[in-house]
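Asks: Chains A and B supply the protein sequences, listed in that same order.
Using my numbering, the letters of the first sequence correspond one by one to residues 1 to 361.
Using my numbering, the letters of the second sequence correspond one by one to residues 1 to 258.
Since the hints were derived computationally from the structure, they do not count as laboratory data.
Keep in mind that a hint or two might mislead.
[As the list claims (entries may be wrong)] So these bits of chain B aren't anywhere near chain A, every CB distance computed over 10 Å:
no.	residue
1	E33
2	A68
3	K75
4	P76
5	H77
6	F88
7	D101
8	V145
9	I223
[What the hints assert, rightly or not] A partial selection of chain B residues facing chain A, derived with a Cβ cut-off under 8 Å:
no.	residue
10	A92
11	A95
12	Y232
All values reported here derive from a predicted model rather than from experimental measurement.
Virtual Cβ for every residue (Gly too), placed ideally from N, Cα, C.
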Amino acid sequence: MTYILPFAWTVAIAVPIMGFSRAVMAGTFMLAGIIVYTAFTGRTRRLQVYGLLRSRLESSFVVRHAWILVLAVSVIAPLLLNSYSLDVFTSVLFYAMLALGLNLLVGDLGLLNLGYIAFYGIGAYTDAILSAKFGIGFWPSLMLGGAAAAVFSLVIALPTLRLKGDYLAIATLGFGEIVRIVLNNWDSLTNGPNGIMNIPRPSLPWTQFASGISFFYLSLCILILQAYVLVRIKKSRFGRYAVAIRENEQASAMVGINTYAVKTIYFMLSAFFGGIAGVLFASKQMFVSPDSFTFIESVYVLAMVILGGMGNIAGVMVGAFTLVVLPELLRSFVIYRMLIFALLLITMMLFRPEGLLGKRT
Amino acid sequence: MENSAILSINNISIMFGGLKALDNVTLETKKGEVLCIIGPNGAGKTTLFNCITGFLRPSAGSIVYRGAVELTGKKPHEIAAHGIYRSFQNLALFANVSVSDNVMIGGINRKEFSYGITDMLLRTPRFRSREAALRHEASDLLGFVGLAGKKDRTAGELAYGERKLLELARGLITRPQLLLLDEPAAGLNPTEKIELVRAIGRIREQAINVIIIEHDMRFVSDIANWIVVLDYGKKLAEGLPDDIKNNQAVIEAYLGTR
Numbered sequence: 001m002t003y004i005l006p007f008a009w010t011v012a013i014a015v016p017i018m019g020f021s022r023a024v025m026a027g028t029f030m031l032a033g034i035i036v037y038t039a040f041t042g043r044t045r046r047l048q049v050y051g052l053l054r055s056r057l058e059s060s061f062v063v064r065h066a067w068i069l070v071l072a073v074s075v076i077a078p079l080l081l082n083s084y085s086l087d088v089f090t091s092v093l094f095y096a097m098l099a100l101g102l103n104l105l106v107g108d109l110g111l112l113n114l115g116y117i118a119f120y121g122i123g124a125y126t127d128a129i130l131s132a133k134f135g136i137g138f139w140p141s142l143m144l145g146g147a148a149a150a151v152f153s154l155v156i157a158l159p160t161l162r163l164k165g166d167y168l169a170i171a172t173l174g175f176g177e178i179v180r181i182v183l184n185n186w187d188s189l190t191n192g193p194n195g196i197m198n199i200p201r202p203s204l205p206w207t208q209f210a211s212g213i214s215f216f217y218l219s220l221c222i223l224i225l226q227a228y229v230l231v232r233i234k235k236s237r238f239g240r241y242a243v244a245i246r247e248n249e250q251a252s253a254m255v256g257i258n259t260y261a262v263k264t265i266y267f268m269l270s271a272f273f274g275g276i277a278g279v280l281f282a283s284k285q286m287f288v289s290p291d292s293f294t295f296i297e298s299v300y301v302l303a304m305v306i307l308g309g310m311g312n313i314a315g316v317m318v319g320a321f322t323l324v325v326l327p328e329l330l331r332s333f334v335i336y337r338m339l340i341f342a343l344l345l346i347t348m349m350l351f352r353p354e355g356l357l358g359k360r361t
Numbered sequence: 001m002e003n004s005a006i007l008s009i010n011n012i013s014i015m016f017g018g019l020k021a022l023d024n025v026t027l028e029t030k031k032g033e034v035l036c037i038i039g040p041n042g043a044g045k046t047t048l049f050n051c052i053t054g055f056l057r058p059s060a061g062s063i064v065y066r067g068a069v070e071l072t073g074k075k076p077h078e079i080a081a082h083g084i085y086r087s088f089q090n091l092a093l094f095a096n097v098s099v100s101d102n103v104m105i106g107g108i109n110r111k112e113f114s115y116g117i118t119d120m121l122l123r124t125p126r127f128r129s130r131e132a133a134l135r136h137e138a139s140d141l142l143g144f145v146g147l148a149g150k151k152d153r154t155a156g157e158l159a160y161g162e163r164k165l166l167e168l169a170r171g172l173i174t175r176p177q178l179l180l181l182d183e184p185a186a187g188l189n190p191t192e193k194i195e196l197v198r199a200i201g202r203i204r205e206q207a208i209n210v211i212i213i214e215h216d217m218r219f220v221s222d223i224a225n226w227i228v229v230l231d232y233g234k235k236l237a238e239g240l241p242d243d244i245k246n247n248q249a250v251i252e253a254y255l256g257t258r
């Protein structure tokens with residue numbers, strides 16, 4: 001069943017659009033993917049030997065130090081890539097920052113935020129306005145962009161954090177739309193739908209981050225710093241309080257956690273990281289317009305968090321990588337690209353709802 | 001007399017819509033006492049706990065802790081900081097969190113386990129030693145309640161009786177001075193009940209005051225020094241366990257009139 005069902009399902013969905021032979025091909029791809037995947041998760045009995053291997057692997061020295069390998073690859077790879085691929089990998093970094101920031105809310109606190117991209121937008125526009133219009137340098141606006149996002153997050157956090165689940169999701173969705181619409185209409189400040197151009201690239205006394213590659217390394221450093229901070233929080237008492245609130249808010253209050261304060265701080269921190277990513281984005285593109293901060297982008301970032309495994313820092317980064325790189329790899333399928341992408345996502349949710357690296361509970 | 005009262009509840013009332021869930025209830029618990037609150041379903045026992053711990057705000061009356069601190073109007077986490085811990089009737093654990101983390105979370109108000117954000121970011125010696133001390137104490141307490149072997153499981157994986165013990169361990173790490181237990185014996189088998197009676201005995205020896213909501217009269221007479229009976233939100237009777245067992249009004253409330 002594990003194999004037949006996704007195969008049949010993929011073919012059935014794809015047939016009306018792609019024709020029979022191509023649909024079968026798509027189904028076969030799906031099947032191959034699932035076989036490879038179950039080989040590593042060992043869900044079926046036949047493949048349990050791999051499962052055993054995997055549990056050995058997980059505790060092994062090599063896997064625990066896999067991040068060193070990943071780091072080494074991400075330091076060396078850009079030197080070998082063309083400028084198009086480099087662009088793709090730079091946006092992997094931006095989305096990883098966003099996904100990690102959103103994960104603070106969705107993964108750790110269990111609060112659904114559907115307007116997260118607003119903080120990205122606020123960060124980007126802060127940089128655009130401060131550096132393009134007022135000539136304030138990149139480094140102060142990096143901090144100010146994060147801070148502005150954090151302050152604006154209070155606007156939504158303070159009145160809505162007493163809400164739960166769907167209600168909070170709807171409120172944040174509204175906030176996201178409001179921010180985009182304001183950016184689109186406040187002509188005197190944001191230049192409306194035309195956006196703001198000529199945003200300067202960052203520089204240091206001894207170097208300019210003008211080339212794609214130097215910008216990649218700058219973003220990588222900031223991502224590493226962010227991931228480090230998040231890992232430290234997760235492994236401290238503060239991280240435990242957040243997870244406690246997700247698991248049982250009443251019990252958390254009862255052991256003495258100020259749930260309202262913890263939620264507000266997490267909301268601000270999450271927005272801060274979103275804002276920082278926005279500043280980097282603006283100064284990478286050298287141009288911002290409201291089109292980059294639509295609702296679908298929020299959903300996209302949320303999909304990364306869920307795909308990678310909620311609450312898992314490494315998983316969320318893998319999720320960001322997958323969702324940025326996969327559509328690019330599927331470019332050879334031209335018009336079917338987004339269809340296959342969607343199929344992969346849905347199949348993923350059906351067969352591994354806890355995400356790629358999430359813990360099965 | 002006035003000084004020895006750990007908790008005095010004075011004339012509290014609370015309304016839910018048209019229903020008076022608590023109607024002018026007054027009671028007091030003295031230092032070193034195990035107070036049991038009994039009463040039929042819907043008598044207002046859990047509502048009373050919710051008022052004490054700040055989850056509900058009584059519409060009238062006052063709740064005074066140690067003769068000095070007014071608890072009404074305080075938030076749950078502020079009340080917890082005064083050393084009051086409460087267990088829930090239907091368990092309130094952090095299900096997808098490891099057993100030892102469940103207990104460690106309870107260490108929030110212990111100064112000796114506390115550290116700041118800089119300590120956290122830089123993994124200073126203070127961070128490491130305090131985290132280690134907290135982990136150590138959690139594991140000691142898990143040993144005390146008999147869960148030492150399961151500290152790396154998640155709380156959701158534990159059996160029902162074990163979860164009750166875990167909730168108790170999480171309570172003990174807060175170093176409570178007043179422990180409120182909402183039907184701790186419900187769902188336990190006879191052996192586990194004996195274990196629980198023993199554990200409560202040991203807790204009492206540490207000069208921790210206990211207030212228990214319970215239905216099981218045998219369990220209650222084993223541990224209580226004083227019993228308060230609630231019925232329809234009113235205090236029906238109070239007294240020593242033996243007096244309550246023979247109190248005509250109490251028998252009627254439970255069994256109906258003949």
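Asks: Of the numbered hints stated earlier in the document, which are not met by this structure?
Replies: 3, 4, 5, 6, 7, 12
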